[in-house]
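The chain contents come next:
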Amino acid sequence: MDWNAIWDIVWRLVAITVAFTGVLMIVAYTVLAERRVLAFIQGRLGPNRVGPGGLLQPFADLLKFILKEDIVPDKSTRFVYFLAPVVAIMTALMTMVVYPFGPTVTLPWFGETQLVITRFDVALLYVLGITSVGVYGIALAGWSSNNKYSLMGGLRSSAQLISYELSLGLSLVGVILLSGTLDLYNIVEQQSGWHGMRWNIIRPGGPQIIGFVIYLISAIAETNRVPFDLPEAETELVAGFHTEYSAMKFALFFMAEYVNMLTVSMLATTLFLGGWNVPFAADIFGQGTFLFALVSVVGFLLKLTFFLFLYIWLRGTLPRFRFDQLMSFGWKFLLPVAILNIIITATWAFFWLPK
Amino acid sequence: MIAILFILFAGLAVGCAVAVVAQRNPLYSAISLIGVFISLAALYVMLAAPFIAAVQVIVYAGAIMVLVVFVIMLLNVEEEVRRRLRLRFLIPSAILLAAVLVAQAAFVIYFVHTRDPTPGPQDPATSDVGLTLSIGKGLFTTYLLPFEITSVLLLMAIVGAMTLARRAQLAPDALAVPGSQVLTQSIVDPDAVGDAAPVVAHTTAEAEEILMRNDE
Chain A
0 MDWNAIWDIV
10 WRLVAITVAF
20 TGVLMIVAYT
30 VLAERRVLAF
40 IQGRLGPNRV
50 GPGGLLQPFA
60 DLLKFILKED
70 IVPDKSTRFV
80 YFLAPVVAIM
90 TALMTMVVYP
100 FGPTVTLPWF
110 GETQLVITRF
120 DVALLYVLGI
130 TSVGVYGIAL
140 AGWSSNNKYS
150 LMGGLRSSAQ
160 LISYELSLGL
170 SLVGVILLSG
180 TLDLYNIVEQ
190 QSGWHGMRWN
200 IIRPGGPQII
210 GFVIYLISAI
220 AETNRVPFDL
230 PEAETELVAG
240 FHTEYSAMKF
250 ALFFMAEYVN
260 MLTVSMLATT
270 LFLGGWNVPF
280 AADIFGQGTF
290 LFALVSVVGF
300 LLKLTFFLFL
310 YIWLRGTLPR
320 FRFDQLMSFG
330 WKFLLPVAIL
340 NIIITATWAF
350 FWLPK
Chain B
0 MIAILFILFA
10 GLAVGCAVAV
20 VAQRNPLYSA
30 ISLIGVFISL
40 AALYVMLAAP
50 FIAAVQVIVY
60 AGAIMVLVVF
70 VIMLLNVEEE
80 VRRRLRLRFL
90 IPSAILLAAV
100 LVAQAAFVIY
110 FVHTRDPTPG
120 PQDPATSDVG
130 LTLSIGKGLF
140 TTYLLPFEIT
150 SVLLLMAIVG
160 AMTLARRAQL
170 APDALAVPGS
180 QVLTQSIVDP
190 DAVGDAAPVV
200 AHTTAEAEEI
210 LMRNDE
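Residue numbers (numbering that gives the first Met the number 0), protein chains in the order written: chain A, 0 to 354; chain B, 0 to 215.
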């Protein structure tokens, strides 16, 4: 074990810490943005008292979560009850390390750096695997609370996640077919042609518009957001799987939901909307310069903001599905269309894609 | 470094495997089994097989175990109660089988150690045998026939599962629109014992009429 390896590990740990802090800040302000935008949609003001324009509201909320009494139901299954929020937040945060958020850039002291925490061959499969383990957080929370509403929420949620994971995975196959790799960094780099406009959603051969739409719908279902928020439908199930959770444990579930929103938005941006590619940025600032990297990172964040806003917008506009509608929509519409998309893309790739 | 990680995950895998058998609450067993699968995935990564590791997590930990947990939650299986041991003659045979297993493992370890030019485990940093590209190439060229046979087998399993699931159901003309009721002939007519032919009623009035006819 030489100094290089130790330096590498330390550097990665620092990068992970910075990324996690950044992600949690983004999550905190997404919650605030959601409350303000929803209020705007419904003709109210929303929280605007803590700090200028309500900007310190997330910290007040956090303080409240920490100081509240932590109530554990008497007949709950203790170990699983504690395990569930841990699983939820861990799986939500673990996928964060593979998303490239900027191009290769020459930084002072670090030399040439790729703006990604780690990259490996099966990055996309890693994301899918971790996401599929995330189901346990919700399912176990519902079971261990020893509450009928929680159990119903947990069951609904597991059924929904299993069903929509299929169409989610299949909608990505088109992109994988066209790019020929599972490494997210590579996939983004392949989309930087055409002055940074060769995004997979509009690429000349086999544009992945269908794949993108299916991915978006399945991703909203995967994150249990409106109109697919059946697991926590408050008119039917009180609060679903987290009815019995209070204080910081509830906050962990809450955070996990928003982190999941962020990660699926990151994946959508990376695979379909060109990741950090900003149109004409390389022409104006020059490839590999610091300004180019800065503009790219800002572009990536803007695309994320678009998706997060879309989530909030949908929540303010759409009513909730009924459970049988949800199931038949997933199995009888999304899945066949996703398979159709694969067939079309595969045919195109077989005949016209350069070998 | 690799050795420390190996000991950590191997220990976790063995510990979880013991817990699967030892736990009396079925849900704890299921959670331990998930632990086994995830530790195995970590071991695969250390053996330069990241693709297999990812598939292990997606298929076993993510899909199959979710179904197991789902069923346990649905049926609300009770904790096992400790009972008096029956079938005592099985104990010596279990010991015998365990001895065979240990002997097998010992033989493999001995064989690997005595053979001098051992290839050894691949270095995960440099090897490319476990990467997606080489696995894909292998599956669709050298091992195409086994691959296709496996897929046909899986297809048969799917068709079989659907046939079994459908058999218990009613005839295809039984409508499942909300508000319609489907009764079996044996309920409507007490004389027709075991006759599961469907009698469909689309409204409550219709269902009442059918059942009233039975009362007469």
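Keep in mind that a hint or two might mislead.
[Unchecked claim] Facing chain A, a subset of chain B residues (Cβ under 10 Å, in silico): (1) PHE50; (2) ILE57; (3) ALA60; (4) ILE71; (5) HIS112.
Derived by calculation from the structure, the hints in this document are not laboratory data. Yeah, the Cβ is synthetic: ideal placement off N, Cα and C, and Gly gets one too.
Verification of the hints:
For the restraint placing PHE50/B at the interface with chain A, the shortest Cβ-Cβ distance is roughly 5 Å, inside the 10 Å limit, so the hint holds. Given the 10 Å rule on beta carbons, the hint for ILE57/B holds: about 5 Å separates it from the nearest Cβ of chain A. Residue-level restraint check for ALA60/B holds (minimum Cβ-Cβ distance to chain A is 6 Å; threshold 10 Å). The criterion of a C-beta within 10 Å of any C-beta in chain A is met by ILE71/B, whose closest approach is roughly 8 Å, and the hint holds.
Because the smallest distance between the Cβ of HIS112/B and any Cβ of chain A comes to about 26 Å, over 10 Å, the interface hint for this residue is violated.
The earlier numbered hint that this structure contradicts is number 5, and it is the only one.
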